[in-house]
Structures are given as structure tokens and as C-alpha cells.
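Trainee: According to the working numbering, the sequence shown is numbered sequentially starting from 19.
Keep in mind that a hint or two might mislead.
[Stated by the list, open to error] Simulated crosslink set (EDC-like; lysine to aspartate or glutamate; CA at most 20 Å straight-line):
| no. | residue 1 | residue 2 |
| --- | --- | --- |
| 1 | K81 | E95 |
| 2 | K57 | E46 |
| 3 | K108 | E91 |
| 4 | K72 | E91 |
| 5 | K248 | D296 |
| 6 | K267 | D296 |
[As the list claims (entries may be wrong)] Label-pair ranges, simulated between beta-carbon atoms:
| no. | residue 1 | residue 2 | range |
| --- | --- | --- | --- |
| 7 | A178 | D276 | 44 to 52 Å |
| 8 | A242 | P277 | 55 to 63 Å |
| 9 | A157 | L207 | 35 to 43 Å |
| 10 | L189 | R126 | 20 to 28 Å |
| 11 | K124 | K248 | 50 to 58 Å |
| 12 | R144 | A39 | 51 to 59 Å |
| 13 | H285 | A157 | 34 to 42 Å |
| 14 | R198 | Q121 | 52 to 60 Å |
| 15 | R99 | Y134 | 53 to 61 Å |
| 16 | R99 | T54 | 48 to 56 Å |
| 17 | A77 | N131 | 28 to 36 Å |
Source of the hints: derived by calculation from the structure; they are not laboratory data.
All C-beta atoms, glycine included, are put in the ideal place defined by N, C-alpha and C.
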Amino acid sequence: MNNLQMRLEKKRAKKAAQQRAWRASNPERAKATAATHWKTYYEKNKARLYEKKKAYMAANPEKVRKWKRADYERHREAYIRRAAKREHEKKSEIQVWRRRYYQVNKQRIDARNREYCWRHWKEIARCRRFYRLSAKGRASKKASDRRCAIRVAAYKAGWARRNRERLSQYLCIYFRDRSRRDPAFAIRLRLRSRLVATIRRLMTGRSATGLIRELLGCSASELARHLESKFLPGMSWDNRSQWHVDHIKPLCAFDLTDPEQQAVAFHYSNLQPLWAADNMRKGSRW
């Protein structure tokens, strides 16, 4: 090595040492400078770098797979946050893409899901049981049951409106036959009819004092005050068709062939106003 080469080597070594010292004392500026330099270099040599990367990945698939797995584990939270943000920002586009992808790869995806469920059925059962018992799971089931009950009640109400005559004929036959077979049902039906008639007379302003006191153990004004004291938000006498007069303890819990239990069952203290849908859901529970 001649003197010129030695001087050049010393110069390079000195410059490299100066650069290392500068980077150590100015880390933020060094990082920004390196990023700018790399960005410029990448834009100039994008195609060549892409081909080089593609060739490397094709030649070293196992190495690349291990690196990707390790990188994901190192930055797991960041990947999850980025994916959630992207899904939130492009929700409709992602849903369309997923739907299209599933239609194209339906058999493969279903087979993979079945295989996974078969291999991890104990873990899946444990997770489902844990979710059902959690506060979130209980709240979800309660909301689902409520939505289901509302849908069922709406369907039944719509069907009854569309088939009013058919339903009336069926109920007439059913009530007649059941009343012949079941004396307690006949008494319950008769007393309930009297209660409905009493409230209708009260609403229309006609006299029903004797009937009310005999059946409910109170006067008409006392019954009205009792029901008004238990009105739920939004209830009034003007929207009477939207709520029912409910028996707090249902009639099926009493032996209505016994006059004493009849008096308790229909006493005004056992009555409460309840929205029609809630009353239909309540059924015979109390």
C-alpha cells in the first residue's frame, strides 16, 4: 500500500469517526437525515429494490416466515391498533372485500373453520361459557331476548290484525271448550271480563260504583288514583289502548273457585298499569 492509499484510509476512518460522534450527540437530527436520504434513494431505485426483495423472499421463504412471525410478536399491539384503525376508517370497503373473498373461497374457509373448531373445541367451549357468565355476555343475552320478544310481539300483533276474523272464531271456540273443561278458567275469564267492563265504564264516565266496590274492594275514584300513582313515564288515560291493567300476582297463581282467593286476586292493590308489550312478555311470571 503506497502513501496515497494510506492517507485516504486515514481520512475515511477520521470522517467515519466524526460521523459516529455527530450521530451520537444529535440522535434526532441523525434519524431525520437518514430517513430523508433513504426516502430519496428509495424513490430513485424503487423498481430495482422491489425485484431484489422479491428474489430474496423467493429464495428464503422459511427465513422470511420466521422473521414475520417474530416481528408480529414484537409489535403485536401496534399491528392490532393499526388494523382496527384501518377497519374503522374503511369499514364499508372492507366489508365488501370480505364478502367477495368469502364467496370466492367459501369451501376452503369453511373447511378451515371446521378443522379449527374440531381441534380446539374444549377451548372454544370454555371461552363461550366464560362469556355467557360475564357481565357483557349477560347484558348481550338480555338485550337479545328483549329484541326477540319485541319482534315476536310485533309479529303476533300484525298477524292478529291481518287475521282478525279467523282469530276471533278460534278464540270463541277455545274459550267455550276450555270453560267447559276447566271451572277455574271459566271463573277467571268471567271475572276478568267484569274487570275490563268496569274500567271501560269508569273511562266513559258511566256509573260502576257498585260493581267496582264488589269486585275490587274500592271506589271508582280510589281505583283511578291507585292506577295513576303507578303510571310509568308516558302513560296517561288518553293512551289507554297502549297499556294494560296487569295483575301483579297472576290469576293462575290463585284458586279462583275459593271466594277468599278471588277477593285477593282482584283486589285493587294487586293491579298495576303495564305497557302492552311488557305485559305480553311477563305472561304468568311475577
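Trainee: The structure should be examined with respect to each hint, and the outcome stated for every one.
Mentor: Outcome of the hint check:
| no. | hint | in the structure |
| --- | --- | --- |
| 1 | K81 / E95 | violated, 23 Å |
| 2 | K57 / E46 | holds, 17 Å |
| 3 | K108 / E91 | violated, 25 Å |
| 4 | K72 / E91 | violated, 23 Å |
| 5 | K248 / D296 | holds, 15 Å |
| 6 | K267 / D296 | holds, 15 Å |
| 7 | A178 / D276: 44 to 52 Å | violated, 33 Å |
| 8 | A242 / P277: 55 to 63 Å | violated, 26 Å |
| 9 | A157 / L207: 35 to 43 Å | holds, 39 Å |
| 10 | L189 / R126: 20 to 28 Å | violated, 54 Å |
| 11 | K124 / K248: 50 to 58 Å | holds, 55 Å |
| 12 | R144 / A39: 51 to 59 Å | holds, 58 Å |
| 13 | H285 / A157: 34 to 42 Å | holds, 37 Å |
| 14 | R198 / Q121: 52 to 60 Å | holds, 59 Å |
| 15 | R99 / Y134: 53 to 61 Å | violated, 25 Å |
| 16 | R99 / T54: 48 to 56 Å | violated, 27 Å |
| 17 | A77 / N131: 28 to 36 Å | holds, 33 Å |
The structure shown violates the earlier hints numbered 1, 3, 4, 7, 8, 10, 15, 16.
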